[in-house]
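Novice: Sequence:
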Amino acid sequence: MGLLDQLAGQVLGSLGAQKQDAVPQGDLVSSVIGLIDQAGGLQGLLQKLQASGLGDQVASWVGTGENQAVSGNQISDALGSDQLAQIAQQAGLAPEHASTGLAQLLPQIIDQLTPHGAVPQDDMVAQGISLLKGKLFG
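First residue of the sequence shown: 1, per the numbering used here; consecutive thereafter.
Treat the hints with caution; some may be incorrect.
Each pair of labels, with its calculated beta carbon distance range [said to hold, decoys possible]:
#1 G63 with G92: 30 to 40 Å
#2 E96 with G53: 12 to 22 Å
#3 G117 with G92: 29 to 39 Å
Each computed SDA-like pair below joins lysine to any residue, with the alpha-carbon atoms no more than 20 Å apart [said to hold, decoys possible]:
#4 K48 with G117
#5 K48 with G34
#6 K48 with Q68
#7 K48 with D77
#8 K48 with V62
#9 K48 with T114
#10 K48 with G80
#11 K48 with Q104
#12 K48 with D37
The set of hints was computed from the structure by calculation and includes no laboratory data. Just so it is clear, CB atoms sit at the ideal spot from N, CA and C, and this is done for glycine as well.
With the sequences and hints as input, model every part of the structure.
Specialist: Listed below in structure tokens is the structure:
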């Protein structure tokens with residue numbers, strides 16, 4: 001589990017380094033985990049984002065180069081108002097704050113879940129997500 005511990009540490013470390021007072025990162029990380037689960041796994045979420053016109057950004061997050069930025073509006077458009085409202089409610093945020101926070105977190109989390117420039121097998125992603133849950137909420 002050393003690799004998964006390292007992955008969780010990197011995600012949590014990068015989130016802590018970029019934490020903003022207005023956006024409770026832990027709640028949004030939980031929402032990203034929920035997004036991955038609802039989409040049927042990391043591959044499903046990536047496909048949804050790509051189908052929404054974020055193909056170049058998603059490719060950069062998965063790849064080994066620098067992550068391309070995405071705006072809160074792009075995340076809102078990709079997820080849809082209903083799903084964004086649900087995430088915002090779970091995190092205790094206004095939808096516009098949730099979309100902005102997700103725009104910051106999604107590139108980092110997806111980058112960390114795809115450390116070698118490719119989407120790992122679903123069981124490895126599931127183990128990584130379980131480890132993140134344990135580190136954040138355990």
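Novice: Against each hint, give a clear statement of whether it holds in the structure.
Specialist: Do the hints match the structure? See the list:
Between G63 and G92 the beta carbon distance is about 33 Å. The supplied range of 30 to 40 Å therefore holds. Judged by the Cβ atoms, the range 12 to 22 Å given for E96 and G53 holds: they are separated by roughly 20 Å. Between G117 and G92 the beta carbons are some 35 Å apart, a value that agrees with the proposed interval 29 to 39 Å. Under the criterion of a C-alpha separation no larger than 20 Å, the hint pairing K48 with G117 is consistent with the structure, at around 19 Å.
With a CA separation close to 14 Å, the supplied pair K48 and G34 stays within the 20 Å bound. Of the pairs offered as hints, the one joining K48 and Q68 holds, with about 17 Å between alpha carbons and a cut-off of 20 Å not exceeded. As the CA atoms of K48 and D77 are separated by approximately 11 Å, the hinted pair is consistent with the 20 Å bound. Restraint check for K48 and V62: satisfied, since their Cα atoms lie roughly 14 Å apart, inside the 20 Å limit.
Restraint check for K48 and T114: the C-alpha separation of about 17 Å stays at or below 20 Å, so the hint holds. As the CA atoms of K48 and G80 are separated by approximately 11 Å, the hinted pair is consistent with the 20 Å bound. Of the pairs offered as hints, the one joining K48 and Q104 holds, with about 18 Å between alpha carbons and a cut-off of 20 Å not exceeded. For the proposed pair K48 and D37, the alpha carbon gap of about 13 Å is at most 20 Å, so the pair holds.
Taken one by one, the earlier hints all hold for this structure without exception.
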